[in-house]
Amino acid sequence: MATDVRAVVATGKGKPVEVTTIRVPDPGPDEALVRIQACGVCHTDLHYHEGGISDDFPFLLGHEAAGVVEAVGPGASDLQAGDFVVLNWRAVCGVCRACKRGRLEYCFDTNNAAQPMTLTDGTELSPALGIGAFAEKTLVHAGQCTKVDASAAPDVVGLLGCGVMAGIGAAVNTGRAGPGDSVAVIGCGGVGSASVAGAAMAGARRVIAVDTDPKKLEWSRQFGATHTINAAEADTVEAIREVTDGYGADVVVEAVGRPETYEQAFYARDLAGTVVLVGVPTPEMRLELPFLDVFARGGALKSSWYGDCLPSRDFPMLVELYQQGRLPLEKFVTERIPLDGVGSAFDKMRRGDVLRSVVVL
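Under the UniProt record's numbering, residues 1 to 361 are what the sequence shown spells out, in order.
Just so you know, the hints here were simulated from the structure itself, not pulled from any lab data.
Now the in silico label distances, taken between C-beta atoms and shown as ranges: (1) 6 to 51: 19 to 25 Å; (2) 324 to 348: 27 to 33 Å; (3) 331 to 301: 29 to 35 Å; (4) 242 to 348: 30 to 36 Å; (5) 348 to 283: 23 to 29 Å; (6) 221 to 258: 19 to 25 Å; (7) 28 to 218: 45 to 51 Å; (8) 98 to 301: 15 to 21 Å; (9) 50 to 336: 23 to 29 Å; (10) 149 to 4: 29 to 35 Å; (11) 353 to 283: 24 to 30 Å; (12) 284 to 212: 21 to 27 Å; (13) 336 to 80: 26 to 32 Å; (14) 324 to 260: 36 to 42 Å.
Here are the simulated DSBU-like pairs of lysine-lysine, each with C-alpha atoms no more than 30 Å apart in a straight line: (15) 302 to 331; (16) 100 to 302; (17) 215 to 331; (18) 100 to 147; (19) 348 to 331.
Glycine residues also receive a C-beta, built at the ideal position from the N, C-alpha and C atoms.
Make a model of the complete structure from these sequences and hints.
So, in structure tokens, the structure goes:
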């Protein structure tokens, strides 16, 4: 029997989001019904709303969520009703070529719920990143549920479901930042600030935050930045070199997703240093670099997908670090809002007024 719940839906490009009633099926094989307690407003949701990802409207928005399992279908043996979970969009399949090689963090065929959620008239919804969590309840694949410490605050740990994990993982998993390293982060919104936090948590000696917004630079200090650079007032590459004894950073995380800032990241790293792209470019963007410089500088140029995370490994560990006071996840939450506040949260995001608005149900 399906359940009717309130949810935030984007019905078309350029149209305001709506709080409306949707229909959520009972879980089938390997599926779970989750009562959502909190869900962060991520930039990816805004991209869906603006038609920047696909035109498969209507979209059920929201994906950065935590909640409680209400029911499971046959085969979901690792879950039971009452489990507290953070949702993820990397439910590894176990059988694709990446999984068979033991590289589960690159799974190329992650699982989603088989049954569609719908509007009350039967129109099928496209859930954001296969989750759709701006809703009182949502249906997901059981593998999208990662059990974590039930005493953790859902409005805080739910942020691990996307942006915070992407940023931390970009620095730690993809960039391999570690004790004694110098790490520069270009772009200090939610994902960039999480990269700063990840680098600090990993023991980096210097953590350099770069942005054009003084407010974001100030935010970065609370996540562990040891140096800040206002890119509107200084040459980013020269300023990073100055902080790093003239050499450049061991790891540079580019969290903007633009060719100009990527080029800065490329030249701001030390010889044999690593550039990590975690900012998301748009399809029309092109990058041009002198090919000889790519060869001569050595090192690694990497892209980070979801922070190269494995949710079953990383979520519980990061929640434990948060519980111990070693990872300030709570500082990402700028405001808590109801379901009908998502539209205004998008406006604040566009203006750069918030790190994260979090819908609390």
